[in-house]
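Visitor: Listed here are the chains, written in short residue letters.
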Amino acid sequence: MTPLDQLLALSALTVVAVWLIGNRQVTGWNATILYAAQGVLLMMMSDLGYGEVQSIASSLTFKVLGHGLHWRFDGLSWFFALITIGAAFLASWFASGEWGQRYRAAGGSLRLFHVALALNVFSMLVLLASGDLLSLFIGWELVSWASFLIMALGSATATRYAMRYVTYAFAGAMAVLMALVMVYTRSGSFEFQDFRDAVPAMSSGSLWMIVILFVAGFGVKMALIPFHLWQAKAYAETPGPGAAFLGAISSRMGLFALVVVLVQLVGVERLADLQLVFPFFSARDLLSWLAVLTLIFATFTALRQHDARRLLAWHGIGQGGYMLLGVLIADDLGSAGGLMHVFNHATYQAVLFMTVTAVIHRTGTSDLNKLGGLVTRMPLSFVAMLIGIIGLAGLPPMNGFVSKWLLYRALIIDGSPLLFLGSVVGTLGTILSVYKLIHNTFLGQLRLEHVEVEEAPSSMIWPMMILSTIVFVTGYFPGLVLDWVASAQAAVGLPVLAHNLGGVPSHKGGLDMIWVVSVLLAGFGIGALVFFSGGRSKRVHQLDNYAGGHFLTAETRYQYSDNFYPGLMHLIGPWYRKSFRWLERGFVSTVDTLSQAMQGFYRVVHPSFYLLVAVVSALTWVVAR
Amino acid sequence: MSPGELIIELFLMPLVAFVVGLGMVLMYRRIGARIQRRVGPPFFQPIYDIIKLYGKHTQISHGLIHEIGIIMAVGGYVAAETLLPVPGMSGLADKGGVVTLAYVMMIPSLGLALGVGQCANPNGSIGISRALTAMLAYDIPFILVIFGAAYVYGTTNLADIIAIQQQQGPGGWGIVQMPLLALAALLSLQGIMGKQPFEIYIAPAEIATGPMVEMSGKFMGGLFVMQCFQLYTVGVLYTTLFLGGGEYWLTFLPKIFSVVAIPMMIAFVFPRYRTEDVIRLLWKWPVLIALTGLAVVLR
Amino acid sequence: MNQLALLVALPLITAFLLPVVNRVSTLAARWLGPLVLLVTSAIGISLWSQLGDSAVAVELGGFRPPLGITLYADRLALLFALATSIGTLLLWPSRGEEWLRQSTLALILAASGSGLALSGDLFNIYVFYELVAVVSYGLIAARSSAGSFAATVRYLIVSSFGAALALTGIALVYQATGTLNLAQLSQLAPTHLNNLQGLAAFVLMLIGFGVKAELFPVNTWVPEVYATAPTRVSGLLAGVVSKLALLIIVRLLVLVFNQPEALTVMLVLGMLGVVTGELAAWRARDFNRMIAYSSIGQLGIMFIAFSIPGQAGVFAGLAVALHHLVVKPAMFLLAGRWQGSLDRLAGAARTSPLGAVLFILLALSLIGVPPLPGFWAKLLVMVNLMAQENTLYSVGAWVIMGGAALEANYLFRVASSFYHRSEQQTPPVAHRTRDLATASLLGAGLVAGAVLIMPLADEIEGVASQAANRDQYVQTVNPEALP
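Residue numbers (the numbering used here), protein chains in the order written: chain A, 1 to 625; chain B, 1 to 299; chain C, 1 to 483.
I should point out that these hints are in silico values taken from the structure, not numbers from a laboratory.
Among the hints, erroneous ones may be present.
Calculated pairs, SDA-like style, for lysine to any residue (alpha carbon to alpha carbon, straight line, at most 20 Å) [as the list claims (entries may be wrong)]: (1) K508/A <-> A163/B; (2) K63/A <-> L456/C; (3) K56/B <-> R536/A; (4) K538/A <-> A163/B.
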């Protein structure tokens, strides 16, 4: 058995074991231990992550209908697998303590939850290991249905949106299958290598078709515009730790598949050669703009959410845009930024979903209109969220900044000011939105009913703290992650980023996060010195305060999220037109009308009339030939 | 450069920045006074102010985050100064670059936002919502300018940008090479500095609104220090990008003071725009100018 | 090899003996039918293992063609004969008051179905086809309700017209060639039937036999009949009988009407079937009608698949047909307690958890989710469609994809409603054990198919290559006839 076989077998075993243990409190702990064991097995393959080994194959191969099916891990798969297993480990840990007790007491089945989670991990590993287009498709479908399972565990709303997901995802899968078949007719097999060899000979028409189909199919999972409507609510309503897991990695499977197909197989240069009728606008530009528009639309939709989980889920959609954009720039900096962002996003998104879940656990709500001031009650959760939002906003010193820096640097070198502007607009929108999140949850006025709230239990705090540490440490020493990113780049044939522990050395403007973060910390130190050199300050109660000439009381609530940015909304509010929702509705009603027409056809009273028509027209056709 | 020298530079740069920043605050007040036909404050007034604020008896804290917010606001700028090369000192210019600087400059805003948020005062929160909105407004033209400059010079390293301009003499300065971008940058500086007509988010004239509402004593003092740094930072950044930086302090100081003086003069003759008008204005003219400028330099 | 005739004769004789036996012992009569079908199935399986790659032709009564009745058994024919026996066994009518009549009819259906699969000449095919039709009227009308009678009458009318058309087609063929033996027709076709008359004959037969194969546009009887007939009968019609009609058309295509025009007609009608069926199903508010419409769509896919020229088409079509043969009856078995409005099904998973899981499994396979067999069948169809030069085939591929996307939507809308707890209404009662057991058996077969996909695919490919082999057919039936 190769190490990959062992990993896949253990992952499958996790599913079975969790199922057998059943709906009990220990299920979560067992699952957590099994994920840790998977992590150990993955670490035994860490040569992949450091570029010392090109690929590790699975000994499992099939030949069905003459198509070979095989599985293997390379640097890219290892990188994604690391995030997957890490996210599952921490999410499962988070779910094992008090959260699990509460969930079970409320009638949820821990067995179902953990089986769904383990199934997700297993299917993702299978997808990541795919060694040819057919196994890629099989893995893809497994992932789709596994994530449907975990989404459908949530409330009725989640099920409704999970249903929507199934519709989108299966239509997308059909698009992928169509593309696969088109590739097959042109290359004669489903092997990666044959596809790559056949690309130069393909006409631009058929390559356009193939690219569009692949992007439509895999884009559904990434919630790329215009396939984004399902994701936010489906993820948001998934049971807490499940949402953290999905938010961290699930959508990135779409990115993985796109990287494999577009970058590794078709090649970004070929995409740039595919010109639209209008000159200077290639397939690559089209996709880059899709990525940037996804970023902007999703971020500014997040800005309008009242529910913390939906806000985060919308940001998850938006951040996917950065990743795709980075990969499409396809130079060493940009693609490293895109791939590194996958890791960074997974870490801070998971910690953010976890803090929100912790808040729900303690207060029972994630409605931003009903929270506030919790920093005094849940300081550790606050710290975790603060680190998370700085990461999400992409400010130094957290890791989110490094990947965005790489992306910006690449865009400057590439000379694409509008894409650059788009990504910065996304970042600024994110800052606005995450400030609203932390302000309305932890800052501002503490409500009377939350005065007695306690800090989240240790089973929740630990994973949150571990993740926040990762967010900070990989921001301080980005080289830790860039090592893996570099071997992932090498695996898909991208130029490899020259890097060191602190970042990117370059005589044209590099980045050394060790220095930057150090001076930042030193700056804070000086700031603290300057500040505390002043006289003693007096702590006052939050209501020992006045506004507009009146003293504030507990009745005067001002924590609100509707129209938090009135000035901005006054201007851009009318730009929210729900166009995509209209588009979707229009499509559905078209299908509905057609469907009604078809039923009309089948409801006819005199079926023999059709027979007559059919015969007459068929014979006419025969004679007329 | 030996690590020891570097460490010394890293200490000196913020210190110089602070001193120069005090001078800029003084200039700001003097300009205001001249325009309003007043005499204006004495030379050491900024220092007196800081001492006074720190020495206040009543200092209201609303919790640790309130204090950390101030620390972040000052600390962010202290760090930013080390990324800005000045004559004789390059600091961390080769390790950060202009993009990093632009993002480090957002940290004080975030710190201030956190600190004010903790105060549980509705007026403070309103002020922060305005401040962040204004950031969204002025950063868009500003970032376009940074893009253009970095693209034209082919580097994000500010020390290199200065070197390139100085090699070519005044004819090679950014303001000559890309006048439109320089103009757009000047307009967005007005927003970054929070001066009229874009000062609604600071609202210094009204006690009961804006982010400063709960700031007393050393909190206000911290923000005063931050303002010194802020004026210095924007002045130096603009000079670095468009005016060839400075070979000597003697030529450098006039440049940065005159850069800062322009927005200040504009400030005192303008009333105030509402938040939505701030966005509308900054998204329209500076952005259009910057995009035109970019189109010129890219082709 | 004379056991071949037993496949037809045994159920037929038993059917006529059944009332007599019932006089003697009700218990014996009740068990006789299933027992006989078990025996015929066993015979079929033993024949299958004996047959190997060869085919066999049996002249009943020793008369040589063209005069005698020829039974021809290659693996394809045997497979469908076997499917008829096993299918009837699995879907054996439930015990109502009418059990005796139902059992008799089911036995005749098994006999005539096997006969249809095994017949080597057009006349016998027609006779057996009519027999199947008559029996199915009886079976459908078993539930004495107004709706059921109305549906039956509609079905009867269309079916009779269809049979008449098929007979006209056969007459045209006979007029042109002077024989109805398929082997001889196969030899004469290139010279005698490769013309206008031949094409007309094919079109008439296609529409005629297409009535039972749910071919667009002569399939309008389907939703009403499947909605009103006993669910087991619906399963039998949708699962087995439709495939038998399809088998005839495929035989005709391979042996006699090997013309591109004939294939085009089938392709176009198949596409229309998919489009109309899936679209109509999307809006269906009734469980049986939904799966009936979906069955129209699936049959459309089969028509598209079989319209691919050469062995590839037979292979692809056969794969889809066999898959549907397993899935659709199971679906109808689940419909036993779930028939009627879809709204009623909210929370059905609580009363029938296994049923819900089975439905999801079947639905997944039906829409083609790997690694279930439905996926491999669909992949086969797609790959072969796209390999064709003619762009019409690529359109067919797109149609299948779109249909599958729609199908996923409506099937999973229903599936998720199973898990939706509704306080207002009580969920439907649990399934009958027998229905559930049979459906589980079929579901298990599906899973086994997924696991054993490699040998299964090889086996089906073998069947297809034999079925597509004209020369073997001709030579087996009439060795000295070959030039």
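Visitor: Against this structure, judge whether each hint is valid.
Guide: Results for each hint:
| no. | hint | result |
| --- | --- | --- |
| 1 | K508/A <-> A163/B | holds (12 Å) |
| 2 | K63/A <-> L456/C | holds (12 Å) |
| 3 | K56/B <-> R536/A | holds (10 Å) |
| 4 | K538/A <-> A163/B | violated (50 Å) |
In summary, the one numbered hint that this structure violates is 4.
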